[in-house]
Amino acid sequence: MQGTIKEKAGMLFVSLMCAIMLSPAWALASEAVDMAQIPAAGDPGWWKWPVILLFVTFVMGIIAVLGGVGGGVLFVPIIGGFFPFHLDFVRGAGLLVALCGALAAGPGLLKANLASLRLAMPVALIASTMAIVGAMVGLALPTHIVQLSLGGTILGIVAIMLTAKKSTVPDVPHADALSSALRITGVFYEPTTKEEINWKIHRTIPGLLTFIIIGFMAGMFGLGAGWANVPVLNLMMGAPLKISVATSKFLLSITDTSAAWIYLNKGCLIPMIVVPSLIGIMLGSFVGVRLLKVAKPTFIRWMVIVILLFAGLKAVQKGLSTMGYNLF
Amino acid sequence: MSNKNTQATEEQLQYAAILEKGMYAGLALMVITFALYVLRVLPPIVPRSEISTYWSMPVHDYLVAINTNFLHWETLPTGWSWMKLLGYGDFLNFLPVAILAGVTILCYMVITPGLFARGDKAMAFMAIAEAVILTLAASGLLSVGH
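As you go down the protein sequences, you meet chains A and B in turn. When you line the first sequence up against this note's numbering, it's residues 9 to 336, in that order. When you line the second sequence up against this note's numbering, it's residues 30 to 175, in that order.
Derived by calculation from the structure, the hints in this document are not laboratory data. Warning: the hint list may mix true and false statements.
Unchecked claim - Cut-off 27 Å, straight-line C-alpha distance, at most; resulting in silico cross-link-like pairs (DSSO-like, lysine-lysine):
id, chain 1, residue 1, chain 2, residue 2
1, A, Lys202, A, Lys250
2, A, Lys119, B, Lys150
3, A, Lys119, B, Lys113
4, A, Lys301, A, Lys173
What the hints assert, rightly or not - Selected chain B positions facing chain A (in silico; Cβ < 7 Å):
id, residue
5, Gln41
6, Tyr44
7, Ala45
8, Leu48
9, Met52
10, Phe63
11, Ala64
12, Ser78
13, Ser81
14, Ser85
15, Val88
16, Leu92
17, Leu114
18, Asp119
19, Asn122
20, Ile162
Note that this is a predicted model, so its numbers are computed, not measured. Heads up, the beta-carbon is just placed ideally off N, CA and C, and yes, glycines get one too.
The following block holds chain A by itself, in its conformation from the complex:
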């Protein structure tokens, strides 16, 4: 009985938060700020946005954990779509949100031998190089083009989330020549089956080439790229799901580092945006981990998909409206 009440309360809270974020009134409020005149002098209400940001990123942190996605992928489209901050600063903050999440999780995953340094190193070399290129291109392109591309990417992520399958331990008959030469292999203990699972990978070259695109998009849009890393590591290269998820999380600490430097050097860092976001996401993640026990993962996953769909459409709409096309 107590569990049922807790479950209902948890779901009610998450649904309420989600409803607030999805509310058209919220969207209209942000539009109003977009269109408002920039105050010539000091704005006594300046503190409201960091406070709202803290609250929204707190909710985002909960949803990210429950929905099994990184904070960065929710952060950029939602904050970029509904807050008055320019997309340059949102992407910089988004990278730092993803980077801090990866840095916080990375040491534990490496020590537990769930994240594989040997698997991550060649992947990271390609992804981080391309993240630099992506960040440079993203900062050089006009904002509406980046906004439009971001919207398209988010809608693509929704499609991946709807269609991508997972394989707990993919069948890899033979390791390919490159992964054998680099000794990308390992053993991990699976407590549910009480087995030691030997893993190896194949299709290393096509997998590495895919990270050219993933790294580029991570840098260009300031997104964490877990949504793309995991399917490639798991389904294409054949790493077990646990190893793929953990290595992907650790990988973000390297990929996002390279792009974060480009944004930092370019001056895309406003502490009043970055720090409340980081605190909000981290506190939300702590609460999210506790709510995991009572929340229904399928419902949350669908909620994340709907939020991303809405945020993706909003990004497309913002990009098109800058070009003079008003769709909605």
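Assemble chain B onto chain A, guided by the hints.
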């Protein structure tokens, strides 16, 4: 479970240990520097009540605006020029971000000698290449703009 096969490699543990220290140092410093900023212990370059004037601008326009209104430098405050402004609350917050973004370079540099010593040359060269790429990104030499 205690089987040696399931344990992380030496370089992986070394990497994890440095990453962990850097992460804790960066996050702790971020809380401290932000507190110094919002509690007005250190004055900011951009007054907090005016920050909303600037955060909706593209980054180039923002840099031009704060340079014109506050800094009056000959060049825009990009790259590592924030180091000159560490006495100000807002720019002091760049320091923990730089630590968080820099710890991975240190991790790679530390594991490289061990990789060479164990004859793991391919991974050692990859570690060097990654450290070089990240250092290049950090250097500020790769500059772009709208």
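How the hints compare with the structure:
no.	hint	in the structure
1	A:Lys202 to A:Lys250	15 Å, holds
2	A:Lys119 to B:Lys150	23 Å, holds
3	A:Lys119 to B:Lys113	38 Å, violated
4	A:Lys301 to A:Lys173	24 Å, holds
5	Gln41	4 Å, holds
6	Tyr44	6 Å, holds
7	Ala45	4 Å, holds
8	Leu48	5 Å, holds
9	Met52	4 Å, holds
10	Phe63	4 Å, holds
11	Ala64	10 Å, violated
12	Ser78	3 Å, holds
13	Ser81	4 Å, holds
14	Ser85	5 Å, holds
15	Val88	4 Å, holds
16	Leu92	5 Å, holds
17	Leu114	11 Å, violated
18	Asp119	6 Å, holds
19	Asn122	4 Å, holds
20	Ile162	6 Å, holds
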